[in-house]
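Enquirer: Start from the sequences, fold in the hints, and give me the full structure.
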Amino acid sequence: GQSLEQPSEVTAVEGAIVQINCTYQTSGFYGLSWYQQHDGGAPTFLSYNALDGLEETGRFSSFLSRSDSYGYLLLQELQMKDSASYFCAPVGGYQKVTFGTGTKLQVIP
Amino acid sequence: DTAVSQTPKYLVTQMGNDKSIKCEQNLGHDTMYWYKQDSKKFLKIMFSYNNKELIINETVPNRFSPKSPDKAHLNLHINSLELGDSAVYFCASSQGGRLSSYNSPLHFGNGTRLTVT
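So the sequence lines, in the order shown, correspond to chains A and B.
Each residue of the first sequence is one higher than the one before, counting from 1 in my numbering.
Each residue of the second sequence is one higher than the one before, counting from 1001 in my numbering.
Hints listed in this document are in silico derivations from the structure and should not be mistaken for laboratory results.
Heads up, a few of these hints could be off.
Here are the simulated distance ranges between beta carbons [what the hints assert, rightly or not]:
(1) K1040(B) - K81(A): 19 to 25 angstroms
(2) S67(A) - T1117(B): 47 to 53 angstroms
(3) K81(A) - F1042(B): 20 to 26 angstroms
(4) M1015(B) - D68(A): 42 to 48 angstroms
Cβ atoms here follow ideal geometry from the backbone N, Cα and C, with glycine treated the same way.
Expert: Structure below.
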């Protein structure tokens, strides 16, 4: 079957670093993507890992371990505007991108 | 200028009615999707079309019928609306498709908030 687990909520202080973990179980796995969604908005693409290791894009980094079916999103130098929901989303065959309920990140001053 | 546009933005209707949501993308993508996001933020894939062909059809009541007249358009028709259909429906597109094994990010529309009373 398919399953996806990430924390429901995380709170962090402005300027700090936060890590959002994700474990998944899915068939036909190609890679792990991450999306950000602000309240009332649409999900927007952040990053994608096809291979094991760390991918860095500015303040955001994403990590994948295929053998552990595990990944994380690392957000550095947190800003208030980073308050949003973050979804890890495994990509399967036919470009099937599976989401869950995401992690609601609250950045506090 | 908008990449993925869906209409209407809001839809309020009564139980038992039939309604449609339209989606258009001008990105030249081959694949389009419908996702449903409930009040708990759970974002669930419903359908995916690649070049007008249905390639993903999740466990969705057959009251929901997608239609893709061309690869730039994907509409969603819902018959006999029920209270549980209340949600935000997102259309999305990507370059990837049936034979694609590389990542092509999803580009989402702004959503249609459907409220069934």
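Enquirer: Each hint needs a verdict: does it hold in this structure or not?
Expert: Okay, the hints, checked on the actual structure:
| no. | hint | in the structure |
| --- | --- | --- |
| 1 | K1040(B) - K81(A): 19 to 25 angstroms | holds (24 angstroms) |
| 2 | S67(A) - T1117(B): 47 to 53 angstroms | holds (49 angstroms) |
| 3 | K81(A) - F1042(B): 20 to 26 angstroms | holds (24 angstroms) |
| 4 | M1015(B) - D68(A): 42 to 48 angstroms | holds (46 angstroms) |
When the structure is compared with the earlier hints, no violation turns up for any of them.
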